[in-house]
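Chemist: If you want the building blocks of each chain, they are given just below.
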Amino acid sequence: MSGRRGSAARLGLMALPVAFFAVFFAWPVAAIVARGLKVDGVWRFGRIADVVAQSDIRHVLWFTTWQALASTALTLLAALPAAYVFARLDFPGKQVLRAVVTVPFVLPTVVVGTAFLALVGRGGLLDELWGVRLDTTVWAILLAHVFFNYAVVVRTVGGLWAQLDPRQEEAARMLGASAFGSWRKVTLPALAPAVAAAALMVFLFTFTSFGVVQILGGPTFATLEVEIYRQTSEIFDLSTAAVLTIVQFAAVGSILAVHAWTVRRRESALRLVDPSVTARRPRGTGQWALLAGVLASIAVLLVLPLAVLVRRSLDGGFGYYRALGDADGGTFLVAPIESVVNSLEYAAAATAFAVLIGGLAAAALARRDAGRLVRGFDALLMLPLGVSAVTVGFGFLIALDRPPLDLRQSWILVPLAQALVGVPFVVRTMLPVLRAVDERLREAAAVLGAAPWRVWREVDLPLVRRALLIAAGFAFAVSLGEFGATVFIARPDNPTLPVAVARLLSRPGDLNYGQAMALSTILMLVCAGALLLLERLRTDRTGEF
Amino acid sequence: MLLTLDAATVRFGGRAVLDAVGLDVAEHEVVCVLGPSGSGKSTLLRAVAGLQPLDSGRVLLDGHDQARVPAHRRGVGLMFQDHQLFPQRDVGGNVAFGLRMRGASKARQDTETGELLELVGLPGAARRAVAALSGGEQQRVALARALAPRPRLLMLDEPLGQLDRSLRERLVVELRELFGRLGTTVLAVTHDQGEAFALADRVVVMRDGRIAQTGTPLDVWQRPADEFVARFLGFGNVVPATVEGTVAVTPWGKVPVPEGSGQGTRTLLVRPAGVRLVAVDAGLPCTVAARTFQGTHVTVHLQPQDGPRLEAACTLREAPAAGDAVGVEFDATETVVLD
Numbered sequence: 001m002s003g004r005r006g007s008a009a010r011l012g013l014m015a016l017p018v019a020f021f022a023v024f025f026a027w028p029v030a031a032i033v034a035r036g037l038k039v040d041g042v043w044r045f046g047r048i049a050d051v052v053a054q055s056d057i058r059h060v061l062w063f064t065t066w067q068a069l070a071s072t073a074l075t076l077l078a079a080l081p082a083a084y085v086f087a088r089l090d091f092p093g094k095q096v097l098r099a100v101v102t103v104p105f106v107l108p109t110v111v112v113g114t115a116f117l118a119l120v121g122r123g124g125l126l127d128e129l130w131g132v133r134l135d136t137t138v139w140a141i142l143l144a145h146v147f148f149n150y151a152v153v154v155r156t157v158g159g160l161w162a163q164l165d166p167r168q169e170e171a172a173r174m175l176g177a178s179a180f181g182s183w184r185k186v187t188l189p190a191l192a193p194a195v196a197a198a199a200l201m202v203f204l205f206t207f208t209s210f211g212v213v214q215i216l217g218g219p220t221f222a223t224l225e226v227e228i229y230r231q232t233s234e235i236f237d238l239s240t241a242a243v244l245t246i247v248q249f250a251a252v253g254s255i256l257a258v259h260a261w262t263v264r265r266r267e268s269a270l271r272l273v274d275p276s277v278t279a280r281r282p283r284g285t286g287q288w289a290l291l292a293g294v295l296a297s298i299a300v301l302l303v304l305p306l307a308v309l310v311r312r313s314l315d316g317g318f319g320y321y322r323a324l325g326d327a328d329g330g331t332f333l334v335a336p337i338e339s340v341v342n343s344l345e346y347a348a349a350a351t352a353f354a355v356l357i358g359g360l361a362a363a364a365l366a367r368r369d370a371g372r373l374v375r376g377f378d379a380l381l382m383l384p385l386g387v388s389a390v391t392v393g394f395g396f397l398i399a400l401d402r403p404p405l406d407l408r409q410s411w412i413l414v415p416l417a418q419a420l421v422g423v424p425f426v427v428r429t430m431l432p433v434l435r436a437v438d439e440r441l442r443e444a445a446a447v448l449g450a451a452p453w454r455v456w457r458e459v460d461l462p463l464v465r466r467a468l469l470i471a472a473g474f475a476f477a478v479s480l481g482e483f484g485a486t487v488f489i490a491r492p493d494n495p496t497l498p499v500a501v502a503r504l505l506s507r508p509g510d511l512n513y514g515q516a517m518a519l520s521t522i523l524m525l526v527c528a529g530a531l532l533l534l535e536r537l538r539t540d541r542t543g544e545f
Numbered sequence: 001m002l003l004t005l006d007a008a009t010v011r012f013g014g015r016a017v018l019d020a021v022g023l024d025v026a027e028h029e030v031v032c033v034l035g036p037s038g039s040g041k042s043t044l045l046r047a048v049a050g051l052q053p054l055d056s057g058r059v060l061l062d063g064h065d066q067a068r069v070p071a072h073r074r075g076v077g078l079m080f081q082d083h084q085l086f087p088q089r090d091v092g093g094n095v096a097f098g099l100r101m102r103g104a105s106k107a108r109q110d111t112e113t114g115e116l117l118e119l120v121g122l123p124g125a126a127r128r129a130v131a132a133l134s135g136g137e138q139q140r141v142a143l144a145r146a147l148a149p150r151p152r153l154l155m156l157d158e159p160l161g162q163l164d165r166s167l168r169e170r171l172v173v174e175l176r177e178l179f180g181r182l183g184t185t186v187l188a189v190t191h192d193q194g195e196a197f198a199l200a201d202r203v204v205v206m207r208d209g210r211i212a213q214t215g216t217p218l219d220v221w222q223r224p225a226d227e228f229v230a231r232f233l234g235f236g237n238v239v240p241a242t243v244e245g246t247v248a249v250t251p252w253g254k255v256p257v258p259e260g261s262g263q264g265t266r267t268l269l270v271r272p273a274g275v276r277l278v279a280v281d282a283g284l285p286c287t288v289a290a291r292t293f294q295g296t297h298v299t300v301h302l303q304p305q306d307g308p309r310l311e312a313a314c315t316l317r318e319a320p321a322a323g324d325a326v327g328v329e330f331d332a333t334e335t336v337v338l339d
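Quick mapping for you: the protein sequence lines, in order, are chains X and Z.
First residue of the first sequence: 1, per my numbering; consecutive thereafter.
First residue of the second sequence: 1, per my numbering; consecutive thereafter.
Same shape as in the complex, but just chain X (with noise of 0.2 Å):
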């Protein structure tokens, strides 16, 4: 194929996903920043100086910081030795359990929130047991933001270790090198981009952390996303939220940075072989302790919140899930139950452009010939994971309000906001999958007569298949938690599920209380059992995931 007619390919493919960045990213951002730095239409940048030299601010910014470090570190401590547990040791149950470890990180950041206020929040499992309450303290955040990334360590280390040929390290001892020498020189050096790239990824998403901090942070405790929150929906100090804007954005657009170089890393040749060969029964009693450590940890940090979560939407019987039936509770002009059908008809929506706008830039990513500046686009596609939602879904509403883009009252402002935090997923989902397809096959198709279109279809779509189905599940899973940007942009009289909780918690009462439990166990089933069907789809070797 010539160089020409590949690049037009290439632009082709990669048209619409730019277009709708453009559109519904970063334009609403650039229109937040500007509304918020532009005085009389001179640019005030010295704002900027200013708000960072605030006391309060700078108390959040280290808070942010602090916070999302210790959160990785406690997350590696605890999830470290599962990554080694579920890659090289065979027990019965394993592949139920791995799925078990997964629910955490697909659950919205809301009911994450509220299952630990239910185990350690005021009348919670703890507060009852001993009368400890951890909702107050800066625990409550930590163990919230292990429960909610131990999966990503699990997954992205674990996955690359049981695919380490294991004679790699019996070559080392043949060597003359020890137990442990041949792991620390051999499987370690392999196993350190993963765990650095675990470690940034973890770091990330604490460090935008909005759901779980708003609900269990109170007064005391907020990150970068939260003071944004505050400053736009509370104080209405459009400037000060707009310099935190981009505060975040520098920070989190160096740690993606850093993130590309490891993946990139990670990337170099290493002998990788079938994980299933790779582990075995437990021997001695080292082994058996450490299965039984792990096992420990994951029932107490993982499964009792969610336990405890269900206990308490049951207080009473099904009471607070037939309340959620009526619309006169007051919080909401319709009856909360009403939020169930919302979200999943707006995720059906979203995953359905997530995977339309993700499937294409991967195609395009994917191409052997995709120079520098498509790479380029790579990490740009990752920026949703990290810039702020409240900034993006305010910025929905301040850029999106005008022709020729009036959309303020569609349905679909909704979906499009969070097809945007999909996106990443699905590009991360299939990007590997489509590299992994020999190019020579495409070819062997070519020769074979096959036009480029068939070709695609015959070769690429029956081997992807599996991914895009994997990929639209992750996207469903997280269009339905996303929360920052939706609470902008629902509609009152369309609450999603998130939403809803959230609104139900800030309003005094059991009832109010009981119903933020039952809407929750819904939201938990929900995504659950999403994720358990993506389970039984999946292999090892599918996707970054």
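FYI, nobody ran anything at the bench for these hints, they're computed from the structure.
Treat the hints loosely; a few may be bogus.
If you only want the chain X side, here are some residues facing chain Z, beta carbon under 8 Å, derived [unchecked claim]:
id, residue
1, Ala436
2, Arg440
3, Ala445
Since the structure is predicted, the reported quantities are computational estimates derived from the model, not experimental observations.
Glycine residues also receive a C-beta, built at the ideal position from the N, C-alpha and C atoms.
Starting from the known structure of chain X, arrange chain Z on it as the hints suggest.
Modeler: Frame of chain X; chain Z shown alone:
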């Protein structure tokens, strides 16, 4: 001419992988491109197939320039080095792929697939999974798949490269017979001279993106064009020489050469069969450094007192042991003056 390459050139980052290659392949001819890895022979096939654009020069099929014809419309077949069978399709689905792309009816696909599988010695294998095939079976399926759309030119990239020796020798004969029967025009590339000589009507030796020699297998074997070709064919006894009449002066002393050989400063090749072992005092004195058993004969590695090592071929019964002292004489009929 069915295929003509006209000064075909491909550069990878400034380095010419194909350097102004000119080549003609006539209808029903079986041509084998022979060369070490990195000599550009696979690139040659990809350029003809339309998978690799030329930087300059032309590829013509039946006299028509193919520059603007994409790979799927060239009507040539390519059997890939590692077969590249589609893992998600069964054997029949792989073989029928090309027919399907050309819109053949289901009934025709089934009949032709059945016939082809019979032809390659896998009757009734259509529903088998590709993953369950052995290396030799995969090779046969790949061949059937490439033949199915009746390509006007069939190209083979290291067709037998991954198979074990006995299977290779059997398949080479089978392929040769099959191509003869079908009248297929074939362009194959390989690094294995045995494979090339057994398969081809004509052999093309490549070096660094250029054609070093072309001719019948016998031509090339008997008269290598230069030192590179001679060494690539496995000949070790190659030395600089000054030729005067029928005598060449070499580091091994005077060596007789056939009448009519090129004169002056040349390169001389002595085939192992032309190195005769005699009594120590009768010829060039050498020590036997090693001997390697070749099946039909023994190669004896000889170290003269000065000058490069010599290889001699002799029967197992006559072969001296390592460490023996022997004399060497040369046979004019087995020496070739190169260049």
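Chemist: Checking each numbered hint in turn, tell me which of them this model violates, lowest number first.
Modeler: Hint 1 contradicted; others consistent.
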